[in-house]
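There are 2 protein chains.
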Amino acid sequence: MDEFQFIDSIKQKYYKQPSVIKGIGDDAAILRHTDEDTIVAMDTMVDEIHFSKKTTEPFHIGYRVLAANISDIAAMGGKPTSYLVSIAIPESSTLEQLHEIYEGMRALADCFQMDLIGGDTVSSNVLTITVTVIGTVKKDRVRYRSDAKIGDVIFVTGTLGDAACGLDVLLNERENLNKYTYMIERHRMPMPRVTFANACQTISRLSLNDISDGISSEANEIANASKVCLNINYEAIPKHHLLQEFSKEKVEQWVLSGGEDFELVGTVAKSNWDQLVTIAEQTNTKVTKIGTVEEDPTGNGVVLLSKENQTTVLNKSGYTHLRG
Amino acid sequence: MDEFQFIDSIKQKYYKQPSVIKGIGDDAAILRHTDEDTIVAMDTMVDEIHFSKKTTEPFHIGYRVLAANISDIAAMGGKPTSYLVSIAIPESSTLEQLHEIYEGMRALADCFQMDLIGGDTVSSNVLTITVTVIGTVKKDRVRYRSDAKIGDVIFVTGTLGDAACGLDVLLNERENLNKYTYMIERHRMPMPRVTFANACQTISRLSLNDISDGISSEANEIANASKVCLNINYEAIPKHHLLQEFSKEKVEQWVLSGGEDFELVGTVAKSNWDQLVTIAEQTNTKVTKIGTVEEDPTGNGVVLLSKENQTTVLNKSGYTHLRG
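In order, the protein sequence lines correspond to chains Z and F.
When the count follows UniProt numbering, it moves up by one through the first sequence with no breaks and lands on 324 for the last residue.
When the count follows UniProt numbering, it moves up by one through the second sequence with no breaks and lands on 324 for the last residue.
Keep in mind that a hint or two might mislead.
For chains that are exact copies, the list does not tell them apart, and a pair is met inside one copy or across any two.
[Said to hold, decoys possible] Below, in silico cross-link-like pairs of lysine-lysine (BS3-like), each with a Cα-Cα straight-line distance of 27 Å or less:
1. Lys53 - Lys307
2. Lys16 - Lys138
3. Lys16 - Lys139
4. Lys149 - Lys11
5. Lys289 - Lys149
6. Lys13 - Lys149
7. Lys11 - Lys286
8. Lys307 - Lys138
9. Lys316 - Lys13
10. Lys13 - Lys139
11. Lys316 - Lys11
12. Lys11 - Lys250
13. Lys149 - Lys138
14. Lys316 - Lys16
15. Lys11 - Lys138
16. Lys239 - Lys270
17. Lys289 - Lys316
18. Lys13 - Lys138
19. Lys13 - Lys227
By construction, these hints were calculated from the structure, which means they are not laboratory data.
Bound conformation, chain Z alone (with noise of 0.2 Å):
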């Protein structure tokens, strides 16, 4: 099979998506947007760096790395409509393999309708994915990292820590794998939050951020931009039931530096928590105040991280330090 039977094989026979008018088979692909704008997110996933064959199946590999994409457009308040696939192929990857990973994001893909309809096929020595999804927002209701405002209610959907946690018990082959089924499909096949970002509408400002790198780092982005304080309450933050098993130091490193859950953090004005909350229901997504807006005295935006009666600096790293 040659690279040109490879594209036909991965070929979608229709497009789910009116906006596609172009997809595989001509120079580029043409998208008509005409009422919302449009939203592209790129990453990549690289073999031995962000994925290991030995804890991942190819499947897995394809649906992690869409899924990345994916709840970057949820963090935009988006909905995903198509994406393409760059994907650079060592020798020793079979056909089966490769067509594995086109499964993986052919698997979530089918959640919200999106196309496959670009990309490219190259050799390598190293596997690596790169994926460009687009998506499409309505003007006015584009989430920034630099809405948050002073009074906000901070708030995160879902558990974290449990894609942290679901790595960790495959990479130390723990016995009774079953018992960590639930942490391990957290790892495998996260669901990044799209359903629950695009009901979110009828609420005019929220800053939100998608946790790929774990809350210490999207916690001061959304600080950062927004130049504010983001005063967050350790023991708020909603873990899953399993994490008490695990020692106190694993558990707060994967909560604050697990990243991969692509749960969404945010904040949203006092006045709204209400009907946020009532979003979240009809929407079966678990959402959790942690915390507060605060005004940041030095003006460059701070993560504040209270702690069994003790306040420190959260930095981005998950590092945390005396105030002052």
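Let chain Z serve as the given structure and place chain F on it in line with the hints.
Just chain F, lined up with the frame of chain Z:
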């Protein structure tokens, strides 16, 4: 310098395109294209596969990967407006090399007032660069490969085989390199035919393809998509006079299968030929008629090559065989 500092260093101070609502600095970029369709193309280049450090400076690596993408936009009849770059970097790369790669992209992007609006930066053992280019095109001026019609004139821009010749000269370390500067520049810094493709908007129908793999491939793509016969006269294909110094066999290989000149091959109605010639003159573009579109009795599409009074079937690979 960490990843965030690097991103800050390549971030534009302002965006030239009014369509860029949000560039680098949030989860994704936001674009607004209300009146025109959006074009998206994606290309990857891998170290030692698509370029070699022996013949290519980091600046030219960046330039060429962006050129390949812009050329795809031109081949759709569009205007490139913005781009995203995902780069996988080995530890051995220096920060200076990295900046030179981005400088090479910026040099070409500036020719078209394009903005860098996003991407990703990751580690890898193999330098791998993936670029996504976004462009715009008027709804009824998209140039598809499937739009060739019987009776059309087949044309190409520029001269073919130059980039392949330039690479050959570099690889074989010929003496008198100065003599071949033009060919080397055609390899290192090919200029995609955006200006010409955009000026053709007064013509309602064109089929168009950019020559990235060699005209044998691209002519076959038009023939197959349009289900017609492209009858090309080898002697009519424009060749730079410097090619006369090389063997007939080398020249034929470069002209038919040498890609990355990023010239255009297309077809246009006979009645529009004079108009096309005028546009070519106005945009300082060399345009040459190289054949005629005929009926293909098989209905699948075929390319015929007339050479020295013999007609053969020209395959995608550049391989020819006797007709029948």
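Structure-based check of each hint:
no.	hint	verdict
1	Lys53 - Lys307	neither (37 Å within a copy, 52 Å between copies)
2	Lys16 - Lys138	both (20 Å within a copy, 23 Å between copies)
3	Lys16 - Lys139	both (23 Å within a copy, 20 Å between copies)
4	Lys149 - Lys11	between (45 Å within a copy, 26 Å between copies)
5	Lys289 - Lys149	within (15 Å within a copy, 63 Å between copies)
6	Lys13 - Lys149	between (47 Å within a copy, 25 Å between copies)
7	Lys11 - Lys286	neither (37 Å within a copy, 36 Å between copies)
8	Lys307 - Lys138	neither (39 Å within a copy, 57 Å between copies)
9	Lys316 - Lys13	between (45 Å within a copy, 24 Å between copies)
10	Lys13 - Lys139	between (32 Å within a copy, 23 Å between copies)
11	Lys316 - Lys11	between (41 Å within a copy, 20 Å between copies)
12	Lys11 - Lys250	neither (44 Å within a copy, 36 Å between copies)
13	Lys149 - Lys138	within (21 Å within a copy, 40 Å between copies)
14	Lys316 - Lys16	neither (40 Å within a copy, 31 Å between copies)
15	Lys11 - Lys138	between (29 Å within a copy, 26 Å between copies)
16	Lys239 - Lys270	within (24 Å within a copy, 70 Å between copies)
17	Lys289 - Lys316	within (20 Å within a copy, 60 Å between copies)
18	Lys13 - Lys138	between (29 Å within a copy, 26 Å between copies)
19	Lys13 - Lys227	between (48 Å within a copy, 19 Å between copies)
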